[in-house]
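Asks: Listed here are the chains, written in short residue letters.
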Amino acid sequence: MAGVTGELIGGPAVISTAGLTKHYGNVHALTDLTVDVGAGVTGLVGANGAGKSTLIKILLGLLEPTGGHAHVLGHDIEQQSQEIRRLVGYMPEHDCLPPDVSASDFVVHMARMSGLGASAARERAADVLRHVGLDEERYRPMGGYSTGMKQRAKLAQALAHDPRLVFLDEPTNGLDPAARTDMLRLVQRIGSDFGIAVLVTSHLLGELEQVSDHVIVLDGGHLLRSSSTGEFTERTGSLLVEVVGTETERDRLGEALAQRGLTCRPRGAMVAIDPPPPELAEGGAAQDLIRDVAAELGLGLMRLQPDRRHLEDVFLEGGTRV
Amino acid sequence: MSELSGTPRSGVIHDLGYRHFDGVREGTPAIARTLFVTGVRHAYGLGRSGKSKVMPFLLLAMSLLPAAIVVGVVVLTGLDSLPVSYADYTNQTQLLVSLFAAAQAPVLFSRDLRHRSIVLYLARPLSAPVFALMRWLSLAVSMLVFTLVPTLLLFAGALLAGLDKSDQLTSVGKAIALQVLLAAMVAGIAGLISSVSLRRGFAVVGSVMALIVLTGVVTVVQNIAYYEGDSESGSVATGLASPWSLHNGLANAWDAGVDTPAAVGAAWVPAYVIVALLLVAGCLLGLVARFRKVGSR
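Line by line, the protein sequences give chains B and S.
Quick note: our numbering has the first sequence finishing at residue 621, numbered continuously throughout.
Quick note: our numbering has the second sequence finishing at residue 316, numbered continuously throughout.
Hints in this document: simulated from the structure, not taken from any laboratory.
Glycine included, every Cβ here is placed at the ideal spot set by N, Cα and C.
Check each hint, because a few of them may be wrong.
Claimed, not checked - Pairwise CB distance ranges (calculated):
no. : chain 1 : residue 1 : chain 2 : residue 2 : range
1   : B       : SER445    : S       : LEU297    : 47 to 53 Å
2   : B       : GLN378    : S       : GLY36     : 32 to 38 Å
3   : S       : LEU77     : B       : ALA477    : 46 to 52 Å
Build the full structure now, drawing on both the sequences and the hints.
Replies: Encoded structure:
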């Protein structure tokens, strides 16, 4: 499988892998993954079991790859994994907080386990807990925390030692919409304001569209695509049309347009029109045609807009290609 | 946030934004030391909830009480020797020592695995082998402290009573050396059991079975072999089967004042030492494998 290298935003790659492979017997968790990750926020997208967590664990040196190489912050994962673990933070997907310890004590302890001295660890813990938004509750045992507070505590321990790179595995898991938005905003701040490179995973594509500079899509252990978020959501050349009325009106318009040589398909209440043929593509001829057809049929035109791609489309394309 | 009209606000909270840490980062040995010290403190409930201090200190007080009485008797009546040897005192309080290990091993070995915070440790500089080793060392040293405190109390009493200093020093030295070996073995066994059975109750019961029940069975078999079966070597060989009988057998062979059903001859000493060391090494290997496996999940 060909490796796709994304654009790097200044400086050398934060993570670079070459032919990274991990097989558990017959289960192929990762297959020949070659990808580079730059600074800023990078989203790692894939369905459950696509190999996201496996990739992170290999990069941390917790799992040994079956084949291939990888470098994190310039260090080889097999030779210098201890050096890597000194410089990165990790927020796992699953619950990992002891219930009988307060977030404050826990983050201090975790900062010390990363090599900070006692007073530095206390200072950093207080700072980081403030940044993630845990206030008075930081002194309470974590067993009584809500899911949102637990996710914040997990994030705080990942940032406690001021890493240069953090791996955030499904940070929005189990959060309600408001907490989800907060968490995503925080992830974005880590990448931009804090200046820490972020590799964040999610199985929800829309989320990563909002916060990532760059997106890597994994499917069944294979790299589907790696490029900047802007490229993913660029215009596709397709058009979306919506008319007043119900599905009957939508279908009447679709059929009439199809007779004029446009390829149409229903999408919700709208008609999606594939990029028009060359003779209609020039100077908005297709838009004029749609307007005229709607007028002929006596339909009220509500919306006529260029379609933008979504990250979901990458999966659809990948699905048809394989 | 009360705004007093007319008075200008003097205190302003500045949002400093995110501050990077550019201070000194400690190396792996310093991190391992921190983990070790924290582990010893946690074994005694220090730095944890008040409730968790009850058990270790209650057991410690119970194991100190007889020593305090012995010291009182020796000092007041002017006996010319201690009524119990240092090594035998540890043996006599073995129930308390084993209970301490069984009760406190889950604190150090089960919690991180059960709550999966082990992953957070292993995503940091310490590797799984170093982590497992430090946890074991924490428990072993906690246990050594547990047996050492009454021993030192007895020693202080013996000196106060004016007993021969060099005799006592030799005797206490032997006892401490045996305690080191005992702590290494018992910490390994209790630690391994706690790291496999993650529910505290099962871990405690498992450790009690391995340390207390097994030792009882071994002692019974040793007595039957010697008194009923007339087999001295059978009795001594059975002593290889539990950490306490290893401790007592070596103490007997070393003339440290512990009686075993059959006297352990010099020929058996290498076997006892090798089995004890293999036991420690086996437990350590098991712990490393266990932590490594859970850490990669």
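Asks: Confirm or reject each hint.
Replies: Going down the list of hints, with the structure as the test:
| no. | hint | result |
| --- | --- | --- |
| 1 | B/SER445 to S/LEU297: 47 to 53 Å | holds, 49 Å |
| 2 | B/GLN378 to S/GLY36: 32 to 38 Å | holds, 36 Å |
| 3 | S/LEU77 to B/ALA477: 46 to 52 Å | holds, 48 Å |
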